[in-house]
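Visitor: Kindly generate the complete structure, drawing on both the sequences and the hints.
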Amino acid sequence: FKPFVYATAMTNGFTPASVIEDKAEDFGGGWKPHNSDGQERGKVSVRQALYKSLNIPTVKIARSVGPEKIMDNVEKMGITTLVETGKYSDCNLAMALGGLTHGVKPLEMAAAYAVFANNGTYVKPFAISKIVDRDGKIIYENKAVRRDAVSAKDAYLVTNMLQDVLV
Numbered sequence: 001f002k003p004f005v006y007a008t009a010m011t012n013g014f015t016p017a018s019v020i021e022d023k024a025e026d027f028g029g030g031w032k033p034h035n036s037d038g039q040e041r042g043k044v045s046v047r048q049a050l051y052k053s054l055n056i057p058t059v060k061i062a063r064s065v066g067p068e069k070i071m072d073n074v075e076k077m078g079i080t081t082l083v084e085t086g087k088y089s090d091c092n093l094a095m096a097l098g099g100l101t102h103g104v105k106p107l108e109m110a111a112a113y114a115v116f117a118n119n120g121t122y123v124k125p126f127a128i129s130k131i132v133d134r135d136g137k138i139i140y141e142n143k144a145v146r147r148d149a150v151s152a153k154d155a156y157l158v159t160n161m162l163q164d165v166l167v
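In the working numbering, the protein residues as written are 1 to 167.
FYI, nobody ran anything at the bench for these hints, they're computed from the structure. Incorrect hints may have been included.
In silico DSS-like pairs for lysine-lysine, Cα to Cα no more than 25 angstroms straight-line [said to hold, decoys possible]: (1) Lys-32 - Lys-76; (2) Lys-60 - Lys-153; (3) Lys-76 - Lys-153; (4) Lys-87 - Lys-69; (5) Lys-32 - Lys-87; (6) Lys-60 - Lys-23; (7) Lys-60 - Lys-43; (8) Lys-143 - Lys-52; (9) Lys-143 - Lys-105; (10) Lys-153 - Lys-130; (11) Lys-69 - Lys-52; (12) Lys-69 - Lys-32; (13) Lys-143 - Lys-130; (14) Lys-76 - Lys-23; (15) Lys-69 - Lys-153; (16) Lys-137 - Lys-153; (17) Lys-60 - Lys-76; (18) Lys-137 - Lys-105; (19) Lys-105 - Lys-87; (20) Lys-69 - Lys-130; (21) Lys-69 - Lys-105; (22) Lys-130 - Lys-87.
Everything numeric in this text was worked out from a predicted model, so none of it was measured.
Guide: Structure representation (structure tokens):
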């Protein structure tokens, strides 16, 4: 779920070179997330925080941009399972680390990640593109539903940062 936090951050003035503090703190109610390796690195770039999958900077970025904006972005990217209201609302900082009430359907997660590869355009997935009879007559044809989800620039920046994971 972290790349969606970073995509929202890019939309809201962050850059891959922006610096964020990787130092644990209490985010309220005694919730003090840690990085998976238990280490804190001090000042790190947004790029480093994403490719190292750091939890603390991700939560700090989510706090800075606001969980509401992240939820709006992921909905534009095709994720429908978020709980928006009530006692178990996903509109909180834990969402930045994937702490969701119902999680995300695998097909929706794949389609949301595809937004990065599609230059910011969401394409609703479908299984059947066309049905033709034995004479070649089209009986049914599915038309792709597309919409802009994030800017091409922000999609590129997140994709570029994610490529660092491979080097």
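Visitor: Compare the structure with each hint and give your call.
Guide: Going down the list of hints, with the structure as the test:
1. Lys-32 - Lys-76: 30 angstroms, violated
2. Lys-60 - Lys-153: 23 angstroms, holds
3. Lys-76 - Lys-153: 16 angstroms, holds
4. Lys-87 - Lys-69: Holds. Lys-87 to Lys-69 sits at ~19 angstroms (cutoff 25 angstroms).
5. Lys-32 - Lys-87: Since the Cα atoms of Lys-32 and Lys-87 sit roughly 21 angstroms apart, the hinted pair holds (cutoff 25 angstroms).
6. Lys-60 - Lys-23: 10 angstroms, holds
7. Lys-60 - Lys-43: 12 angstroms, holds
8. Lys-143 - Lys-52: Violated: Lys-143 and Lys-52 sit about 39 angstroms apart, past 25 angstroms.
9. Lys-143 - Lys-105: 22 angstroms, holds
10. Lys-153 - Lys-130: Violated, at roughly 33 angstroms.
11. Lys-69 - Lys-52: Distance ~23 angstroms between Lys-69 and Lys-52 Cα, so the pair holds.
12. Lys-69 - Lys-32: Between Lys-69 and Lys-32 the Cα gap is close to 22 angstroms, so the pair holds against 25 angstroms.
13. Lys-143 - Lys-130: 9 angstroms, holds
14. Lys-76 - Lys-23: Roughly 31 angstroms separates the two Cα atoms, so the pair is violated.
15. Lys-69 - Lys-153: 18 angstroms, holds
16. Lys-137 - Lys-153: With a Cα-Cα distance of about 41 angstroms, the restraint between Lys-137 and Lys-153 is violated, given a limit of 25 angstroms.
17. Lys-60 - Lys-76: 22 angstroms, holds
18. Lys-137 - Lys-105: 35 angstroms, violated
19. Lys-105 - Lys-87: 22 angstroms, holds
20. Lys-69 - Lys-130: At roughly 37 angstroms apart (the allowed maximum being 25 angstroms), Lys-130 and Lys-69 break the hint.
21. Lys-69 - Lys-105: 21 angstroms, holds
22. Lys-130 - Lys-87: 43 angstroms, violated
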